[in-house]
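Trainee: Chain Z is already provided as a structure; the job is to place chain V on it using the hints.
Here the protein sequences line up with chains Z and V, keeping their order.
When the letters of the first sequence are read in order and numbered with the working numbering, they come out as residues 2 to 302.
When the letters of the second sequence are read in order and numbered with the working numbering, they come out as residues 2 to 302.
No false leads were mixed into what you were given.
One copy or two, it doesn't matter: identical chains are merged, so the pair holds either way.
SDA-like mimics (lysine to any residue), calculated; alpha carbons at most 25 Å apart, straight line: (1) 243 to 54; (2) 230 to 198; (3) 249 to 56; (4) 225 to 207; (5) 298 to 115; (6) 159 to 203.
These aren't lab readings, by the way, just hints derived from the structure by calculation.
Since the model is a prediction, treat every value here as computed from it, not as a measurement.
2 protein chains.
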Amino acid sequence: MSSQEENDGLGGIIDGKAIAAEIRAEIRNDVSSLSSVIPGLATVLVGERKDSATYVRMKIKACSECGMESIHRALPADATEGDIIAVVRALNEDACVHGILVQLPLPDGINEENVLSEISIEKDVDGFHPLNIGKLAMRGREPLFAPCTPRGCIELLKRSGVEISGKEAVVVGRSNIVGLPVSLLLMHENATVTITHSRTVDLASVVRRADIVVAAVGRTEMVKADWLKPGCVVIDVGMNSKPDSTRKSGYRLVGDVDFEGCRKKASLVTPVPGGVGPMTIAMLLRNCADAAMKCEKSAAQ
Amino acid sequence: MSSQEENDGLGGIIDGKAIAAEIRAEIRNDVSSLSSVIPGLATVLVGERKDSATYVRMKIKACSECGMESIHRALPADATEGDIIAVVRALNEDACVHGILVQLPLPDGINEENVLSEISIEKDVDGFHPLNIGKLAMRGREPLFAPCTPRGCIELLKRSGVEISGKEAVVVGRSNIVGLPVSLLLMHENATVTITHSRTVDLASVVRRADIVVAAVGRTEMVKADWLKPGCVVIDVGMNSKPDSTRKSGYRLVGDVDFEGCRKKASLVTPVPGGVGPMTIAMLLRNCADAAMKCEKSAAQ
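The shape of chain Z in the complex, shown without the other chains (with noise of 0.2 Å):
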């Protein structure tokens, strides 16, 4: 699966950064080459949430440095679901926005649900909406948008010349936004998928089969180096503050793995920060620059 698979020095690092900032070319290349259209992203960020405004104003700004536009809406905490939802019909119907993100979560009673469900399914740039998530499950329907971390993890993969095809995965989580359409994108990638979760027995010999580990759980580091088969690929897609003294911040970021154990055994690993998170926006930027291209090709016909 790679060079260093069968070596006892320490695996490599897929670098989530330098691949997501080739992507991101590749799109600033896509949006300069349309004549017509301007990409557009629209943001929705109800309250007051600092990691939401940060993770927006990130968004904004990789628009910007991609040459898209974007369209911010800010409404308060307080905000009824139906001021949100109003807000949302008046992007589906605004020709300028070409993708919509409402940054979860959304404040405390709000049905995010039945938020998302309002979004067109042609701006689903998220790939949250029910029918996006059907489409993808099945096979020959193909989605209008996957969603970005999955999407993102794939990437990853591909362009570390990672062959899926045929090999076992093992996809620790089943969450609606990660742990489930992984899955499914690396069934359709041809993968052997196996999905766990808190109710998996004996979770460490199952992840010891496979070839390729996405960890999806928001559990501190609890991939072990003893869960893997070697030579593996593990992608991580964890994100957790873990304390560390000796930061200014009294924190550091760790994922889902043991970083420094794994690359004992694995062949190719994510770290965290700087492998993953950067793909989440790559992907965002890229459904919408699709997005914008396709209204471009379906206004020439």
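Mentor: Here is chain V on its own, set in the frame of chain Z:
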């Protein structure tokens, strides 16, 4: 998993016919308790395929036995996609119809996805609308209807006292109508699920991990006894014709599992015919009765 797990004799047989009869009795009971609504199932048959006509006839007969109405629409083999969609739309509007079943396969040249997507999600008792599949895939998003054969597999397990939670389940086949949805249902029942397919390397050894095997691949007696973990439970969704000179017809129906061989290894096996087969219609009626019961409830509010 069963009292027969540890013995060296033959495994038990899951009697799908008896379980389906039990479910039909429950449905009959529920239907008779409705005061203002008679559940109505619409069947749409296009063309002259004998097998399709037989399936539709069986469904209509089963409806009547459960006290349900059936509304049949037959179209000629040269009906256009537009003709079929017009029929579906009229049934969507018909308040006497609680479920719509378009018998597959449709004639060549008709896009099945286009037709099935027209069925109102509230009447999609087959459960194949991508929106229903999306909700089936996602956690916490109850689909209105689960597809009948996969739901039938789960019922067979539950009513045979098989514990699913925490067990290893291996599904052979990833079709939209069985393999994929049954994998999702098993996952929601907290099994650790592996989905296998034609690209799976060493299928036998993957199946050998399973406490629960669901074979849904459409290949005559492919799953052999030496593929099984002793004491496992086997659900055989296959329905294949095998040449048999002792039969007047010249063939007999067999599943995807070598039944006689596998009984020596498994604790429980479904036979073909008489296993999963009868469950499909029972679950179709269940879905349709549920739709009507929901109707009466919401009318009363």
